Amino acid sequence: MQEAELGAGNPAIDLFDVQRAYRRWAPIYDMTVGKLIEAGHRHTVEIINRRKGTVLEVGVGTGLSLPHYARHLQVTGIDISPDMLRKARTRVDEQNLGHISALHEMDAGRLEFPDEEFDTVVAMYMITTVPNPEQVLRELERVCAPGGEVILVNHFSVEKGPRARLERLFAPLASTIGWRPVFPLKRVLGSSGLRLTDRRSLRPWGLFTMLRFVKQPDLAADHKLKTEAVGGHTHLKPARA
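Each residue of the sequence shown is one higher than the one before, starting from 4 at the first, in the working numbering.
Keep in mind that a hint or two might mislead.
[Said to hold, decoys possible] Cut-off 35 Å, straight-line C-alpha distance, at most; resulting in silico cross-link-like pairs (DSBU-like, lysine-lysine):
id: 1; residue 1: Lys189; residue 2: Lys163
id: 2; residue 1: Lys90; residue 2: Lys55
id: 3; residue 1: Lys163; residue 2: Lys38
id: 4; residue 1: Lys90; residue 2: Lys38
id: 5; residue 1: Lys55; residue 2: Lys38
id: 6; residue 1: Lys55; residue 2: Lys163
id: 7; residue 1: Lys55; residue 2: Lys189
id: 8; residue 1: Lys189; residue 2: Lys90
[What the hints assert, rightly or not] Listed next, with one range per pair, are the computed distances between beta-carbon atoms:
id: 9; residue 1: Leu199; residue 2: Ala42; range: 31 to 37 Å
id: 10; residue 1: Asn52; residue 2: Arg206; range: 31 to 37 Å
id: 11; residue 1: Pro220; residue 2: Ile31; range: 40 to 46 Å
id: 12; residue 1: Glu162; residue 2: Leu39; range: 22 to 28 Å
id: 13; residue 1: Leu192; residue 2: Met34; range: 21 to 27 Å
id: 14; residue 1: Pro85; residue 2: Ser204; range: 17 to 23 Å
id: 15; residue 1: Gly150; residue 2: Asn52; range: 17 to 23 Å
id: 16; residue 1: Ala105; residue 2: Pro30; range: 23 to 29 Å
id: 17; residue 1: Pro207; residue 2: Glu162; range: 18 to 24 Å
id: 18; residue 1: Pro207; residue 2: Pro117; range: 34 to 40 Å
id: 19; residue 1: Glu97; residue 2: Lys38; range: 17 to 23 Å
None of these hints come from the bench; they were simulated from the model. All of these numbers come straight from a predicted model, not from anything done at the bench. Heads up, the beta-carbon is just placed ideally off N, CA and C, and yes, glycines get one too.
My request is simple: use the sequences and hints to build the entire structure.
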């Protein structure tokens, strides 16, 4: 689904808008937005800490979640904002977070990783900030190992009531504030390769929703075979010995 399909009240966002917005947010993010999403960060990372292996956090921002990851995990973070990443790197250094393997400036719609690279891929409070959310979701699926988890945490808009009216009121400001107030849940539920296993509301006030998906191994393999069969392009990862 493209931005034009969502109506004139929900204008497009481009990467320049995002970088510009988060250049303004970076100095005050932790003490403003950070307080609002702190509980969701903690709850999500607690779930990830029950897993093993490698984790990719897409939209790592200032690194608010990084101290909460268990030390048995190998965590990589990416973000499009150099200003936010600068604060994340400072946090890693000051708190000696040795389990954070790397922090990269990177476009979430063009992840520079091989297929099936990570056991868990998580995107918290970011899917509404990107120019093409569907493309980002495809990339999250691509870099997740078969049987691994893709976890999304975000605000999703509603269709009726006072909250819906407020969301529509702020929708024209999307490029200024750096995220879309109007963003229906159905936009992230269209992937055939991801199976939704858990959906829950998060504090505060149930404003945010956590979605947990499992990447289905059979469909992932079938997608690769079909891509190869038609001569299409994919980022194939060599088989492990």
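Here's how the hints hold up against the structure:
As the CA atoms of Lys189 and Lys163 are separated by approximately 16 Å, the hinted pair is consistent with the 35 Å bound. About 27 Å separates the Cα atoms of Lys90 and Lys55, which keeps this hinted pair within 35 Å; it holds. A C-alpha spacing of about 27 Å is found between Lys163 and Lys38, which places the hinted pair at or below 35 Å, so the restraint holds. A threshold of 35 Å between alpha carbons decides the hint, and for Lys90 with Lys38 the separation of about 16 Å falls inside it, so the pair holds.
Distance check on the hinted pair: Lys55 and Lys38 sit about 28 Å apart at the alpha-carbon level, within 35 Å; holds. Note on Lys55 and Lys163: the hinted pairing is violated, with a Cα-Cα distance of about 41 Å set against a maximum of 35 Å. Of the supplied pair hints, the one linking Lys55 and Lys189 holds, its CA atoms being roughly 30 Å apart against a limit of 35 Å. As the CA atoms of Lys189 and Lys90 are separated by approximately 33 Å, the hinted pair is consistent with the 35 Å bound.
Between Leu199 and Ala42 the Cβ separation comes to about 22 Å, which falls outside the hinted range of 31 to 37 Å. Checking the proposed 31 to 37 Å range against Asn52 and Arg206 shows it is violated: the Cβ atoms sit about 18 Å from each other. At about 43 Å, the beta-carbon gap between Pro220 and Ile31 stays in the expected band of 40 to 46 Å. Against the hinted window of 22 to 28 Å, the Cβ-Cβ separation of Glu162 and Leu39 comes to about 23 Å, which satisfies the hint.
Between Leu192 and Met34, the C-beta spacing of about 34 Å breaks the proposed range 21 to 27 Å. Evaluation of the 17 to 23 Å hint for Pro85 and Ser204 yields a failure: the beta carbon distance comes to about 33 Å. Restraint check, Gly150 to Asn52: a C-beta distance of roughly 18 Å satisfies the suggested window 17 to 23 Å. Taken as a hint, the range 23 to 29 Å holds for the pair Ala105 and Pro30, whose Cβ atoms sit roughly 24 Å apart.
Separated by about 22 Å at the C-beta atoms, Pro207 and Glu162 satisfy the suggested range of 18 to 24 Å. In this structure the supplied range 34 to 40 Å holds for Pro207 paired with Pro117, their Cβ-Cβ distance being about 38 Å. Between Glu97 and Lys38, the C-beta spacing of about 20 Å keeps the proposed range 17 to 23 Å intact.
Of the numbered hints listed earlier, those contradicted by the structure are 6, 9, 10, 13 and 14.
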